[in-house]
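Go by the hints and put chains Y, S and H with the ligands onto chain V.
Residue numbers (the UniProt record's numbering), protein chains in the order written: chain V, 1 to 416; chain Y, 1 to 416; chain S, 1 to 142; chain H, 1 to 142.
Please note: incorrect hints may appear among the correct ones.
The calculated BS3-like cross-link candidates involving lysine-lysine, where the alpha carbons are at most 25 Å apart (straight line), are [unchecked claim]: (1) H:16 - V:333; (2) H:140 - V:350; (3) V:174 - V:206; (4) Y:350 - S:16.
Treat the hints as calculated values from the structure; they're not laboratory data.
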Amino acid sequence: MDQSVITSVHAAGSLRHVRADFPILSQKVHGKDLVFLDSAASAQKPRQVIDCMADTMRTQYANIHRGLYWMSERTTEAYEAVRDQVARFLGAAAREEVVFTRNSTEAINLVAHSYGGLLRPGQVVLVSEMEHHANLVPWQMLRDRTGVELRITPITDDGALDMEALAANLADGKVALVAITHMSNVLGTITDARAIIDMAHAAGAKVLLDGSQLAVHRRVDVQALGADFYVVTGHKLYGPTGIGVLWARRELLEAMPPFLGGGDMISTVSFERSTWANVPHKFEAGTPAIIETIGLGAALAYIESIGFDAIGAHEDALTAYALEALGNVSGLKVIGTAPQRGGVISFTMKDVHPHDIATLLDRNGIAVRAGHHCAEPLMRRLGVTATARASFGIYTTPEEIDLLARTLEQIRGFFV
Amino acid sequence: MDQSVITSVHAAGSLRHVRADFPILSQKVHGKDLVFLDSAASAQKPRQVIDCMADTMRTQYANIHRGLYWMSERTTEAYEAVRDQVARFLGAAAREEVVFTRNSTEAINLVAHSYGGLLRPGQVVLVSEMEHHANLVPWQMLRDRTGVELRITPITDDGALDMEALAANLADGKVALVAITHMSNVLGTITDARAIIDMAHAAGAKVLLDGSQLAVHRRVDVQALGADFYVVTGHKLYGPTGIGVLWARRELLEAMPPFLGGGDMISTVSFERSTWANVPHKFEAGTPAIIETIGLGAALAYIESIGFDAIGAHEDALTAYALEALGNVSGLKVIGTAPQRGGVISFTMKDVHPHDIATLLDRNGIAVRAGHHCAEPLMRRLGVTATARASFGIYTTPEEIDLLARTLEQIRGFFV
Amino acid sequence: MAQDDLYRTVVLERAKAPRHAGPLPTATLNGQGSNPLCGDRVQLHAVLDGQGRIEAIRHETRGCAICAASADLMAGRVTGQNRTRVNRLHAELVEAVETGTAPEGLGELAAFAPLHQHRSRRRCALLPWSALIDMLNDDKDR
Amino acid sequence: MAQDDLYRTVVLERAKAPRHAGPLPTATLNGQGSNPLCGDRVQLHAVLDGQGRIEAIRHETRGCAICAASADLMAGRVTGQNRTRVNRLHAELVEAVETGTAPEGLGELAAFAPLHQHRSRRRCALLPWSALIDMLNDDKDR
Ligand SMILES: Cc1ncc(COP(=O)(O)O)c(C=O)c1O
Ligand SMILES: Cc1ncc(COP(=O)(O)O)c(C=O)c1O
Chain V
1 MDQSVITSVH
11 AAGSLRHVRA
21 DFPILSQKVH
31 GKDLVFLDSA
41 ASAQKPRQVI
51 DCMADTMRTQ
61 YANIHRGLYW
71 MSERTTEAYE
81 AVRDQVARFL
91 GAAAREEVVF
101 TRNSTEAINL
111 VAHSYGGLLR
121 PGQVVLVSEM
131 EHHANLVPWQ
141 MLRDRTGVEL
151 RITPITDDGA
161 LDMEALAANL
171 ADGKVALVAI
181 THMSNVLGTI
191 TDARAIIDMA
201 HAAGAKVLLD
211 GSQLAVHRRV
221 DVQALGADFY
231 VVTGHKLYGP
241 TGIGVLWARR
251 ELLEAMPPFL
261 GGGDMISTVS
271 FERSTWANVP
281 HKFEAGTPAI
291 IETIGLGAAL
301 AYIESIGFDA
311 IGAHEDALTA
321 YALEALGNVS
331 GLKVIGTAPQ
341 RGGVISFTMK
351 DVHPHDIATL
361 LDRNGIAVRA
371 GHHCAEPLMR
381 RLGVTATARA
391 SFGIYTTPEE
401 IDLLARTLEQ
411 IRGFFV
Chain Y
1 MDQSVITSVH
11 AAGSLRHVRA
21 DFPILSQKVH
31 GKDLVFLDSA
41 ASAQKPRQVI
51 DCMADTMRTQ
61 YANIHRGLYW
71 MSERTTEAYE
81 AVRDQVARFL
91 GAAAREEVVF
101 TRNSTEAINL
111 VAHSYGGLLR
121 PGQVVLVSEM
131 EHHANLVPWQ
141 MLRDRTGVEL
151 RITPITDDGA
161 LDMEALAANL
171 ADGKVALVAI
181 THMSNVLGTI
191 TDARAIIDMA
201 HAAGAKVLLD
211 GSQLAVHRRV
221 DVQALGADFY
231 VVTGHKLYGP
241 TGIGVLWARR
251 ELLEAMPPFL
261 GGGDMISTVS
271 FERSTWANVP
281 HKFEAGTPAI
291 IETIGLGAAL
301 AYIESIGFDA
311 IGAHEDALTA
321 YALEALGNVS
331 GLKVIGTAPQ
341 RGGVISFTMK
351 DVHPHDIATL
361 LDRNGIAVRA
371 GHHCAEPLMR
381 RLGVTATARA
391 SFGIYTTPEE
401 IDLLARTLEQ
411 IRGFFV
Chain S
1 MAQDDLYRTV
11 VLERAKAPRH
21 AGPLPTATLN
31 GQGSNPLCGD
41 RVQLHAVLDG
51 QGRIEAIRHE
61 TRGCAICAAS
71 ADLMAGRVTG
81 QNRTRVNRLH
91 AELVEAVETG
101 TAPEGLGELA
111 AFAPLHQHRS
121 RRRCALLPWS
131 ALIDMLNDDK
141 DR
Chain H
1 MAQDDLYRTV
11 VLERAKAPRH
21 AGPLPTATLN
31 GQGSNPLCGD
41 RVQLHAVLDG
51 QGRIEAIRHE
61 TRGCAICAAS
71 ADLMAGRVTG
81 QNRTRVNRLH
91 AELVEAVETG
101 TAPEGLGELA
111 AFAPLHQHRS
121 RRRCALLPWS
131 ALIDMLNDDK
141 DR
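Here chain V stands alone, though its shape is the one from the complex (with noise of 0.2 Å):
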């Protein structure tokens, strides 16, 4: 291993203290020690998160928002302090524009049907060859329903957005909303929010931005990008599961019917009529997830007290190491190249099917994994029908990269 590799990802938030947060990392998995690669998919959780859970449940949880007492006030209290924390680690405008979904899909169907469904039919909605599911599906459900059209921007071969087509797709003014990836889920590429959110409202289109990936690796600053809707899933960010976030601007949110209809999202409720609470309560129905929210500030005061510039020092370094290591790899092509990525590792392996890379790679305790990453189109793009994928966290070490590379290169030894 490279010297200066250690050095810089030693640095970036002194990684075995990093490590020592995280329990579960000290697990073995078929009698080897858990090297965890699968993070894009879904972190693990610092025993801060745990604990916050653990201790809310244990003194202080009752439901919220409606009871005068003590402890539904303070429970109150911590569920709204998250919040204010989302809308910082945002650059929110307002606290308001924060509303807490179950995850970043939640959101986009909370979007796609409030908003969408203020869209007329002709209208667009533009997304990318490289979306995830969700940011593809709940667009073809309302296409489906409304009748709005559904355009399509491609990718080019390295994986990056073809802004040229992307600024021909915008050029007949129909689009509405473009809703795009921030970063890729299985390409590793971070799109240019900025240039895509600038190209957009020059043609009058606001911008989704699904930032399941990107908020974990990068600073976000919705304001400072000038978005219109954006959105995270507390799993990925080291929170608990059952928690994501729709940020969106205040008159958008204003303007937008509301999605689901119970309690705590009315302001006066008569059989004939009801009416709807202020944003964002208008889009809370129900007892939301209380423990989780908590447990998701939690994860982000964890996330803040490493700092955006370590994280993103540490995956850098870890990223490059990783592609020079997985480089020379007999056999092994890396899928996606666009110059601005992140830690997430798309690649196939000559004769070997990822499946068996995946299995293999399992039974010496790394996991990573291998499918089509909820991105079936993306797969039809790029010609394969799965890639296996390694991703990283802010617990990653070169170490566990050698000796992915390292055990790689035996299994393609077995296939050859």
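Only chains Y, S and H with the ligands this time, still in chain V's reference frame:
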């Protein structure tokens, strides 16, 4: 305190041991021991649930369903095992009939959207006067979107469902769906689900039961009841927030279009057209609340370990005791006196506003709810703007009820 | 349970037997405020003198004891005061309910300071005041 | 990493150099199975003799090594066998991948027993078998 109550309550699941399982019960509030009488809003969590969730995050976590590696497979198994557990808990015919949602509210919205979308203008959805907003607002939104009719069945003065009015409402054969609570969160009334279902089926209508409250207190058997849809919510079942269940007959689920689009709910995806996964996965888009589902499994196991015989006996004894104790408080009026009822008691007090009751109780450590309990139309029917409500869990003791009654008497003393 | 320090004698007395409740036939200013959450509603009726001071004010309050007492104590306290003074008293009351410590000179209104432990009830005490301020602002804007 | 006990020599050999792969021009039975999740697809071509025994069978498999080796080992193993015997072998293979212990007489198919630790891959080994059983059942139903 009446000795027979102590005996029956203590026999029921050895109350002292049960209480020891709930760490929060040893907290102090305003310097007083916490007396938590708001379980109907959300129940407290036993250490079995807390530990299960923490252990999952510490030792056995990864995203599910798509991972080919050990951690993912084990987590998938743990998640899917809870589906079996829920199927047994509700008496479902098959595990495929169990759909995981965030809460009851989302479960009802799912039905209103996907099943409701199959209804035609002129068809009727019938609810009752005592519904929680969660079982009213989604149907109002459906009405306003699609032109189905929303019909309301009144309650009698003692707070039971008016079965004659129900028959009259069903008479024209236009009712496609009866959506009714199995137990009122305000009145405590347990509705006669068997009779409702028989009448509805005879009139050609399907039945959705909102079991958010009932399933905490009585064994549910959806097949014995003959129900078509049943919803429950984890956080009231001593489980985590962020997890609920829709049970529905398989053929209904199969006929229903999906609700949210995204990963995991698809079979194949292309830009032109996508096809859906089999039930129940068709209704579970995106990364689910994995840890919460597993935690729900621990909660159900905990409930089963006590058993509904003991739970029912405990609550019946407590409720009878509380009705008597509260009935003796001067100026206090219990709202809801239907013969079939569970451990949820609403009341008002002459000359004392419910909010003042709640605050003064809280200052003595006693947590009760005051307000409209997400049932504004019911409040109007009852001619009040708000009530105070005490509700019991498996950890509630007769001593706590004595303290409640005594403190209420003192509060009353302040105001007269 | 001993005398409660939030529901002090003054609060209970004013809630039970308000001194400034009822209509005011000579009123030139009328305002109201409500909290749909708990159904509290305060109606205010007032007359200002030539200098913009509150010459007379009465309230009709339906709501909890905190709200009713607050309306009544307010009415007594603001009689003879102008907008500036009303705003100051309001600010001091807000400070009291948020910190639990009443600024000197708040007098009987200090009774509400314990609301600092009851966040969800603060609005009950402040509702009459925001209704009053709205009413005075509306008058000025005319 | 030493020779892996799941990816044994026999599995790797058959995946790399199948003995029973390719079309079968004389086939009277054709069947297929696929796993959309991973894109695995098995096509089968066979001829039965007068007693309903498989006289000849060939497969065309696109998929992972487990699936390809399983198809090839299956083709070798079921030649000369009837439906009953095929069903029995299938049941024994299922037992092996579920318990990790191969019933005696499973022979080379025992190579797949370690799949018991890899639940999500069991389908890869079983896909050729379910395609075969479907094909034989379809023939019988005709
Ligand atoms: C009868 C009833 N239905 C529905 C709900 C909604 O439950 P949730 O908020 O968990 O969706 C509740 C809980 O408040 C309830 O009591
Ligand atoms: C780019 C991208 N978008 C959306 C999602 C969906 O996230 P979730 O499953 O948490 O809703 C994912 C995660 O798989 C993703 O990687």
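Evaluated hints:
no. : hint          : in the structure
1   : H:16 - V:333  : 20 Å, holds
2   : H:140 - V:350 : 41 Å, violated
3   : V:174 - V:206 : 11 Å, holds
4   : Y:350 - S:16  : 12 Å, holds
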